[in-house]
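Participant: The chain contents come next:
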Amino acid sequence: MNDIDKRFHDEYTVKMIRNGRLTTLLAALLTFVPALYLWFGLGYKADWEYILSGWGIMVSSYFFIYIFEPLGFYPSMGLSGIYVGYLAGNIPSVRLPAMLAARAATGAEAGTHRGELVGVIAIGVSVFVNVAFVTLAAIAGNVILSVLPQFVIDAFNYVLPAILGAVLAQYFKKNKVFVPLIFVICLGICRVPFLPSISRFPLAIIISILLGVVSFMRVKAKDPIPAEPTPVDIDEADLE
Amino acid sequence: MDFMTNKEYLTVANSWPMWLCVIPVVIIEMVQAAIFIRDAMNAGHLVGLSKQDCKEAMRAGAICTIGPGISMFTVMVAFMSMVGGPFAWLRLSIIGTITTETLGATAGATAMGVDLAGPDYGILAFTCSVWVITLNTWGFFIVNLLFAHKMESVKVIMEKHDMRMFNIIGGCLMIGCIAMFLAQQCTNVAKISGAIGGFLSMTLLMFLTRKHPRLSEYNLGIALIVGILIAQTVFVYVMK
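Sequence order for the protein chains is H and F.
Note that my numbering has the first sequence beginning at 9, numbered continuously upward.
Note that my numbering has the second sequence beginning at 929, numbered continuously upward.
Keep in mind that the hints were calculated from the coordinates and are not lab data.
Note that CB positions come from ideal geometry on N, CA and C, so glycine has one too.
Hints are not guaranteed to be accurate.
Quick list of the computed label-pair ranges, beta carbon to beta carbon [to be verified]:
| # | chain 1 | residue 1 | chain 2 | residue 2 | range |
| --- | --- | --- | --- | --- | --- |
| 1 | H | ARG199 | F | VAL959 | 46 to 56 Å |
| 2 | F | VAL959 | H | VAL185 | 46 to 56 Å |
| 3 | F | ARG1092 | H | PRO204 | 14 to 24 Å |
| 4 | H | ARG199 | F | GLU1087 | 35 to 45 Å |
| 5 | H | PRO188 | F | PRO1141 | 22 to 32 Å |
| 6 | F | ASN970 | H | ILE161 | 48 to 58 Å |
| 7 | H | ASP162 | F | MET929 | 16 to 26 Å |
In silico DSBU-like links for lysine-lysine, alpha-carbon gap of 30 Å or less [stated by the list, open to error]:
| # | chain 1 | residue 1 | chain 2 | residue 2 |
| --- | --- | --- | --- | --- |
| 8 | H | LYS184 | F | LYS1139 |
| 9 | F | LYS983 | H | LYS182 |
| 10 | F | LYS979 | H | LYS23 |
| 11 | F | LYS1083 | H | LYS228 |
| 12 | F | LYS1139 | H | LYS23 |
All chains, please: the whole structure from these sequences, using the hints.
Facilitator: Okay, structure coming up:
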């Protein structure tokens, strides 16, 4: 470790990690406030069995993303970028482009100290701009919802199928066989008589993992050793 | 049995105490961004970062956020109509995109055996969605708090394995869950039309914007509008 590396580590990185963990922990704890207010302030809470079963569905789909996405973004974002990015979110669509643009503007490279600092300044500013837009959208949203015709307001009942259709189209682009196959299987699972609906997700997950293993074996048989370690890239469709 | 159904829960979801519950998280998020910008600028002299470079980085960060910021308006209105202004504002300000948060809200509703924001979706189902979304995001926070500062060594361990395995199986798992969410939505012609509308418009938009990545930021918002309008049209003119 040369002198600059050591000074950078002692004067910046150590403090940055402490601040990053502290602010992340604080914000993470505060995210419980709405749920706790509804529970203790107003007395509304669904039974734990419902909450846990809903959470179970999410954990089983996001488990790999929790762990592997930060790893995938780490080389280009640096540790400071990971702290801000994993609290503020929108990494592929906002944070990463902001970092890359800032580095291009200043001639700094990813993986260097200079690139890390330039990147975190850009990402930090993007947090403020994003919050400003979301706030504006929330205020405008109330006005928009009050002037929209009833036809359009009622159309919002269909947000979920529309988003899911669009997201599936994003995955379909790179998975032309798997996407239609698993979708037909899921449709089949939903139509099986006497199958309790609670077992639908676990079944879909098990089948997806099995199909994933099969398709990994096929890729591996074709090309046993990857030319270079490939970065992790699970989500085609910005999820975090 | 739930109560405050038929969107009555929105009076609670949009109440001012809910705003008080969500504001602290976003304040901490901005404090974190401010601390990181300040520390990066202070450490700049170590790696030869000039005041001009910092300004350039800030400008790049701000400019890159404008496009995605504008695209917030559509998804914000859609999400607000389901979970109310304060919670939508919080969730779109921090980690988790509209897709993730809608899936979380749906998982909570599914666990309660109702449709998200449907006629039977009441205050308890709303709390279930709030809990599931909150707990789901903790997956990112926990990995961040426990492993981010050890990322370098985690990466070395991971790269001993064939990373394609995690990519492929993780990808299949995610697609499987989205396919299952969608399959459960395919209960009437309007919802199916919404899904097909979202799918086809996204496919078309991805084709049209393939040479203009900056324009692709609006794809999801546009596909969403097309999908819900098609669904509502089918509902009004075909099903009724």
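Participant: Next step is simple, just say for each hint if it's right about the structure.
Facilitator: Status of the hints after comparison with the structure:
Checked against the given bound of 46 to 56 Å, the beta carbons of ARG199/H and VAL959/F, roughly 51 Å apart, stay inside it. Roughly 47 Å separates the CB atoms of VAL959/F and VAL185/H, a value that falls within the hinted 46 to 56 Å. At about 35 Å, the CB distance of ARG1092/F to PRO204/H disagrees with the hint of 14 to 24 Å. At roughly 43 Å, the beta-carbon separation of ARG199/H and GLU1087/F lies within the given 35 to 45 Å, and the hint holds.
Roughly 26 Å separates the CB atoms of PRO188/H and PRO1141/F, a value that falls within the hinted 22 to 32 Å. At roughly 50 Å, the beta carbons of ASN970/F and ILE161/H sit within the given window of 48 to 58 Å. At roughly 25 Å, the beta-carbon separation of ASP162/H and MET929/F lies within the given 16 to 26 Å, and the hint holds. Restraint check for LYS184/H and LYS1139/F: satisfied, since their Cα atoms lie roughly 21 Å apart, inside the 30 Å limit.
A C-alpha spacing of about 39 Å is found between LYS983/F and LYS182/H, which places the hinted pair above 30 Å, so the restraint is violated. Between LYS979/F and LYS23/H, the direct Cα distance comes to roughly 22 Å. Compliance with the 30 Å bound is thereby established for this hinted pair. The suggested pairing of LYS1083/F with LYS228/H holds, with an alpha-carbon distance near 21 Å, which does not exceed 30 Å. Among the hinted pairs, LYS1139/F with LYS23/H is inconsistent with the structure: their alpha-carbon atoms are about 42 Å apart, more than 30 Å.
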